[in-house]
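*Asks:* In order, the protein sequences belong to chains R and A.
Using my numbering, the first residue of the first sequence is number 3, and each one after it goes up by one.
Using my numbering, the first residue of the second sequence is number 0, and each one after it goes up by one.
Worth flagging that the hints you see were computed from the coordinates, not collected in a lab.
Do not rely on the hints blindly, as some may be mistaken.
Listed below are the simulated DSS-like cross-link pairs for lysine-lysine, each with C-alpha atoms no more than 25 Å apart in a straight line [claimed, not checked]:
1. A:K228 with R:K376
2. R:K119 with R:K140
3. R:K119 with A:K228
4. A:K228 with R:K140
5. A:K316 with A:K228
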Amino acid sequence: MSSPEQWTHPEPGGGPAATAAKPTPEQVIAGLRATNEGGAELVELLTPEGERVANPEFDKYVDDIGAEQLRGLYRDMVLVRRADREGNALQRQGQLGIWVPLLGQEAAQIGAGRALKPQDMAFPSYREHGVAWCRGIKPEQILATFRGTQHSEWDPVQHRFHPYTIVIGNQVVNAAGYAMGQRFDGKVGNEPDAEATMVFFGDGATSQGDVHEGFVWAAVYDAPVVFYCQNNQWAISEPTERQSRLPLYQRARGYGFPGIRVDGNDVLACLAVSRWALEECRTGNGPVLIEAFTYRMDAHTTSDDPTRYRLSDELEAWKLKDPIERVRVHLVRSGMAEPEFFDEVQVEADQLASELRAYCFNMPDPPAERIFSKVYAGGNPVLDQQRDEYLDYLAGFEGGAH
Amino acid sequence: MAAPVMDKKVAVPAAPTKLTMGKAINMGLRAAMERDPKVLVMGEDVGKMGGVYRITDGLQKDFGEHRVLDTPLSESGIVGTAVGLAVRGFRPVCEIQFEGFIFPAFDQISSQVAKLHYRTQGMLKLPLVIRVPFGGGVGAVEHHSESPEAYFAHMPGIKVVSCANPVDAYWMIQQAIDSDDPVIFFEPKRRYHEKAEIDTDATPYPLFKSRVVRPGTTATLASYGPLVKTCLDAATAAAEDGQDLEVIDLRTLSPLDLDPVFESVRRTGHLVVASEAPGEVSIASEIADRVQRECFYSLEAPVLKVTGFDTPYPPSKVEEEYLPDLDRVLDAVDRSLAW
Ligand SMILES: Cc1ncc(C[n+]2csc(CCOP(=O)(O)OP(=O)(O)O)c2C)c(N)n1
Numbered sequence: 003m004s005s006p007e008q009w010t011h012p013e014p015g016g017g018p019a020a021t022a023a024k025p026t027p028e029q030v031i032a033g034l035r036a037t038n039e040g041g042a043e044l045v046e047l048l049t050p051e052g053e054r055v056a057n058p059e060f061d062k063y064v065d066d067i068g069a070e071q072l073r074g075l076y077r078d079m080v081l082v083r084r085a086d087r088e089g090n091a092l093q094r095q096g097q098l099g100i101w102v103p104l105l106g107q108e109a110a111q112i113g114a115g116r117a118l119k120p121q122d123m124a125f126p127s128y129r130e131h132g133v134a135w136c137r138g139i140k141p142e143q144i145l146a147t148f149r150g151t152q153h154s155e156w157d158p159v160q161h162r163f164h165p166y167t168i169v170i171g172n173q174v175v176n177a178a179g180y181a182m183g184q185r186f187d188g189k190v191g192n193e194p195d196a197e198a199t200m201v202f203f204g205d206g207a208t209s210q211g212d213v214h215e216g217f218v219w220a221a222v223y224d225a226p227v228v229f230y231c232q233n234n235q236w237a238i239s240e241p242t243e244r245q246s247r248l249p250l251y252q253r254a255r256g257y258g259f260p261g262i263r264v265d266g267n268d269v270l271a272c273l274a275v276s277r278w279a280l281e282e283c284r285t286g287n288g289p290v291l292i293e294a295f296t297y298r299m300d301a302h303t304t305s306d307d308p309t310r311y312r313l314s315d316e317l318e319a320w321k322l323k324d325p326i327e328r329v330r331v332h333l334v335r336s337g338m339a340e341p342e343f344f345d346e347v348q349v350e351a352d353q354l355a356s357e358l359r360a361y362c363f364n365m366p367d368p369p370a371e372r373i374f375s376k377v378y379a380g381g382n383p384v385l386d387q388q389r390d391e392y393l394d395y396l397a398g399f400e401g402g403a404h
Numbered sequence: 000m001a002a003p004v005m006d007k008k009v010a011v012p013a014a015p016t017k018l019t020m021g022k023a024i025n026m027g028l029r030a031a032m033e034r035d036p037k038v039l040v041m042g043e044d045v046g047k048m049g050g051v052y053r054i055t056d057g058l059q060k061d062f063g064e065h066r067v068l069d070t071p072l073s074e075s076g077i078v079g080t081a082v083g084l085a086v087r088g089f090r091p092v093c094e095i096q097f098e099g100f101i102f103p104a105f106d107q108i109s110s111q112v113a114k115l116h117y118r119t120q121g122m123l124k125l126p127l128v129i130r131v132p133f134g135g136g137v138g139a140v141e142h143h144s145e146s147p148e149a150y151f152a153h154m155p156g157i158k159v160v161s162c163a164n165p166v167d168a169y170w171m172i173q174q175a176i177d178s179d180d181p182v183i184f185f186e187p188k189r190r191y192h193e194k195a196e197i198d199t200d201a202t203p204y205p206l207f208k209s210r211v212v213r214p215g216t217t218a219t220l221a222s223y224g225p226l227v228k229t230c231l232d233a234a235t236a237a238a239e240d241g242q243d244l245e246v247i248d249l250r251t252l253s254p255l256d257l258d259p260v261f262e263s264v265r266r267t268g269h270l271v272v273a274s275e276a277p278g279e280v281s282i283a284s285e286i287a288d289r290v291q292r293e294c295f296y297s298l299e300a301p302v303l304k305v306t307g308f309d310t311p312y313p314p315s316k317v318e319e320e321y322l323p324d325l326d327r328v329l330d331a332v333d334r335s336l337a338w
């Protein structure tokens, strides 16, 4: 069990939001922003300038990350970003109905995703393309959802990666239940096959009843689930302050489990903190809340227009904390990578993007039968009849009007 | 049921008044807010952003943050607090961003919104409106294309309406806000961009009444929301073949106003009901039941339903197949006439 300091946080009364006797809403927001800027509680191993900083508590969780592994994390992030940019472009060209960008959240996702062991389970929201990558899902498999050919393409059992969930917060209770199952099955403990679950959601999601209920259930059943909140500062147009007066990670305390905030743009720190949290779960200490403090550098989705609600200054400030750039600088400065390495990754990324594009252009539309496919596991004769009638009706059109 | 009265004149923009349905709802909301300072608009992204469909565009700027609330991301909270606000004397207009996200609020709607008036035998009134963009045809991902209206029409204690054109949209939203009963207001999102001339001096058609939108003699088409336009298009196409179809826009789904439908069926003998929602246990099946009871001797064919299939809403690349279109409506008319 980790040291309790990690989850005994200053009382909310001590925070900037409560210092003034009667703060105006603006002061409250300003105070939260100040708290949100990180401070002592933020776990960071690699600064935005690419300096490795020592952290006695968490260094041991990334002891095995040498030059090769760090290059691997860099490569993951570059490829995932490239695929994401291609997703945006494909939407702009009318190939996808919508795209949900992850730009800026690569470290938060790769750090968490690479901390998962094969036997662990992950429950994503809809922006987790980086975690999907770590679970062995090809970017192609994500396209179907956004092109509208399938609701969910990958095999969730094989990949141990649940289907994307669009209804905000739903998956948090589902993950708590899955984790309860892991415990009931005796998969928690010190055996090498011990399991844990990680569930992903946004800062906005923390306002949903389902998320609260997931916290309660996981806590009272000591379910081995890591709640991984990517606080990217915005829920479409609404800032985190619209969801909470308290830094989100501090909420964990009220449920009786540890909460921790990590620099979500620092892949090493995200990896270390996630490994620690998963280990807590696996060995039986129950749930952990991680708040990965990051920023959504692109629009919420390709249907969104962030210029209506956020200031460009904010975006500029966060660009300086780019999750990929700091690893690149660190690799270069410490002599862990030659220029050729970066060129190779770039070539690989371009290759991935062009494969993705080709795949997208060649994706066939599903046939009309797809509407009726697998509605029930046990079949439904009434629906079968409805399908047959409809297919007959379609067949009646000469020359394929449909 | 008497139509709500709107007494005060409200500011309207100078000509031209040809407006999209989206803009018409915006203007209707604005008019209601100007008339009554207790009218609040609340929902996710409705303030600064003006809503994901821009239906509330500019309202927060003009009425302030306590009349137009950007709420936390929590539908149970939106509807649940609206209940409290309504009890306190406000008239909240909640926006649920997409119909597929109304279910976190389902508990509040069914347990509180629909029942408080009954439980208190009228001591508590709940004049609140829940606006819900609904229906498919916009190429969206899951949970953004559904037609869940039957769940709510099944719930005694709330009223359910759906507008189908900008003129109705403008008036119906104001009438819904004026109503002392809770109203779920379904907006056909794929028709937000349809335009029409709005005469803001006109006397509005009553809210809880259906309406013949195209008179005809050969057969009757009854529909609501997004499919009214489809039915009108079908009637236009059928006219070329010498058929004269009557089209009825139901407008109110609970209470259903079927008098114009009965009257029409007694003349035509044929009824086709069109809706995007799955057909089983639906508004369409309710209509079929009542029409066969009321018009049994006038019917020359069974009431036919043209609906979405009894499946979850499919991936958008097959939604064209899923959604009833002009061909499916005409096919049903032909089958009815050939009976
Ligand atoms: C229950 C529900 N309500 C509303 C929406 C519409 N919606 C989609 S994403 C979103 C904002 C989510 O913000 P956050 O939880 O912070 O996650 P992010 O997208 O920023 O990663 C909203 C309101 C939804 N998908 N589900």
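*Asks:* Does each hint fit the structure? Answer for all of them.
*Replies:* Right, here's what the structure says about each hint:
1. A:K228 with R:K376: violated, 32 Å
2. R:K119 with R:K140: With Cα atoms ~18 Å apart, R:K119 and R:K140 stay inside 25 Å; holds.
3. R:K119 with A:K228: violated, 54 Å
4. A:K228 with R:K140: violated, 42 Å
5. A:K316 with A:K228: holds, 22 Å
Taken one by one, the earlier hints fail for this structure at numbers 1, 3, 4, listed in ascending order.
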